[in-house]
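Student: Given next are the chains, with one letter for each unit.
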Amino acid sequence: MKNNPLTWKLFFLIVSTDVLDSISQLFMKKGLVATGIGSVNLSNALDFIWHNASSPMVWLGLLCYAFTFFIWIVVLCQVDLSVALPLGSTSYIMIPIIAIIFLKESISPLRWVGIFFIVAGIHFISKSKQQIPPVVP
Amino acid sequence: MPIKIGLLILFAETWNTAGQIFFKKSTNQLEVPTLRNAKSYLSFLAKALQLPGIWLGLASLTIGIILWLMALTQGELSAVYPIGSFQFILTLIAARIFLNEKIDGMKLAGTICVVLGIILIAKS
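Protein chains in written order, with the working numbering: chain W, 1 to 137; chain U, 1 to 124.
Hint data in this document are derived by calculation from the structure and do not stem from the laboratory. Some hints could be false.
DSS-like cross-link-like pairs, simulated, lysine-lysine; straight-line CA separation at most 27 Å [to be verified]: (1) W/K30 x U/K25; (2) U/K123 x W/K104; (3) U/K4 x W/K127; (4) U/K102 x W/K127; (5) W/K104 x U/K4.
Turn these sequences into a full structure, and let the hints guide you.
Tutor: This is the structure in C-alpha cells:
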C-alpha cells in the first residue's frame, strides 16, 4: 500500500473531484430538465437518449464526470482508499447544497438524516482493515 | 420516491459495479504504477487500454450512465445522488464474490448505516 502522507496537493485533488462531481451532476440535471422529457418509459427511451445526446449541457456534465474519474484514479495511485474515500464523500454534502441553490429543491430534515447516515456509513467502510491485494501473475 | 426511480438507480449502480469489477480484475494484472510525470501516466493508460476487461468496464459504465440519466430526469438530485451510494453495498458483495475480498465487521456496520440512510431518503 502507498501510505503516503496526505499532502496539501493531494487534499486539493480529492476536494476537486468532489467539486467536479457535484458540478457534473448539476449540469446533467440542468440539461435533462431542459430537454423537457419528464418521464422515461420503454416507449420513449430512444427518444430520451437522442434528445440528451444533442444537449450541450448534458455533454458538459458527462465531460466533467469523465474528468472526475481521471483525477480520482490519479488520487488513488498516490493515497490509500481509506484516506481518500471519506474526503471524497463530501460530495454527499455538496450536492444537496447545490440542489437547494441552483435547482430550488427543498430538502426535508428526514433526507438530511439519511444523508448523514450514508456519510457515516462510508466512513465506517473506509475504516475497515485494508488487505494487500493478491498478485496475479 | 416512486419505485420506478429506485429501480433505475439500482440498475444503473449494478452496471457501475460490474464496471468496477472489470476494472479491478484487469488492473490486478498490471504492475502497481509509479506515476511521476505525464509520460508515466500515458504509458500506464496505454497498458491498461490493451486489456479487454478495461473496455468491458467502460461499456458497463456507459450503460450505467444512461440509466443514471434516466433516473436523474425523474427524481430530485438531492435524493437520487445519495441513493446512488447503493453502489458501495453492491461493490462490497461483488468484491466478495468475484475478487475474494473479505467483509469485516467495520464494513458490515458501514453498509448497514448506508442502507439506513438510503431507506430514510427514499421515504423523504
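Student: For every hint, state whether the structure bears it out.
Tutor: Hint check:
no. : hint            : verdict
1   : W/K30 x U/K25   : violated (35 Å)
2   : U/K123 x W/K104 : holds (20 Å)
3   : U/K4 x W/K127   : violated (34 Å)
4   : U/K102 x W/K127 : holds (14 Å)
5   : W/K104 x U/K4   : holds (23 Å)
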